[in-house]
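Undergrad: Chain residues, written in single-letter form:
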Amino acid sequence: DSGVTQTPKHLITATGQRVTLRCSPRSGDLSVYWYQQSLDQGLQFLIHYYNGEERAKGNILERFSAQQFPDLHSELNLSSLELGDSALYFCASSVVFGDSSYNEQFFGPGTRLTVL
Amino acid sequence: DQQVKQNSPSLSVQEGRISILNCDYTNSMFDYFLWYKKYPAEGPTFLISISSIKDKNEDGRFTVFLNKSAKHLSLHIVPSQPGDSAVYFCAASASGGAQKLVFGQGTRLTINP
Chain A
1126 DSGVTQTPKH LITATGQRVT LRCSPRSGDL SVYWYQQSLD QGLQFLIHYY
1176 NGEERAKGNI LERFSAQQFP DLHSELNLSS LELGDSALYF CASSVVFGDS
1226 SYNEQFFGPG TRLTVL
Chain B
19 DQQVKQNSPS LSVQEGRISI LNCDYTNSMF DYFLWYKKYP AEGPTFLISI
69 SSIKDKNEDG RFTVFLNKSA KHLSLHIVPS QPGDSAVYFC AASASGGAQK
119 LVFGQGTRLT INP
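Read top to bottom, the protein sequences are chains A and B.
Residue numbers 1126 to 1241, in our numbering, belong to the letters of the first sequence in order.
Residue numbers 19 to 131, in our numbering, belong to the letters of the second sequence in order.
It is worth saying that the hints were derived from the structure and are not from the lab.
The hints are all genuine.
Lysine-lysine pairs mimicking BS3-like chemistry, simulated, CA-CA at most 27 Å apart:
1) K86/B - K23/B
2) K1134/A - K56/B
3) K1182/A - K56/B
4) K1182/A - K89/B
5) K1182/A - K23/B
6) K89/B - K72/B
Take these sequences, add in the hints, and give me the full structure.
TA: Written as structure tokens, this is what we have:
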């Protein structure tokens, strides 16, 4: 158990819909990262938040957005869903931010999104 | 442009022998490297990491070697155990940047009895 929790575990929805994925980081971790793993793909970085502020964006579609709340939990919002958005979405947290190169990230169990 | 590559999609090793998983990278800004293990229906689990100021890091049965000039790292598992059967991902990050991890495609390791 990494200490990172994600809900829901599974989500099945239809094209055009909007969903929200939730992540609670490990106690004490200020950084939250979101990754997407599509079928036969490696993990792709989506976005990084540190203590409530967006710090970096990766290959995140404009239909996707995220936020980190004062209690440090984070939500990833996916809208106007398409079949190709079906994937595993992982949240990770770490205590490190800044110039340090020591960046172990601890991953949650993921949310499997299926768009029909 | 795949900055982190794991060229072997799968590897099969006999129990008790050494497993060697390889990873190559292209971005010279990477200065921290990690290995994760992933079981089906679970998130990646952090295994071991190495900073670019080192060329070896050991933790129990797991050793990671870094060859900066070749932009290559490897994970050695000795001795291999059935519970090591999983997908292994190599990841890299650059300090002072986005702090994101760039992952390879993964290598499926199967330990045979």
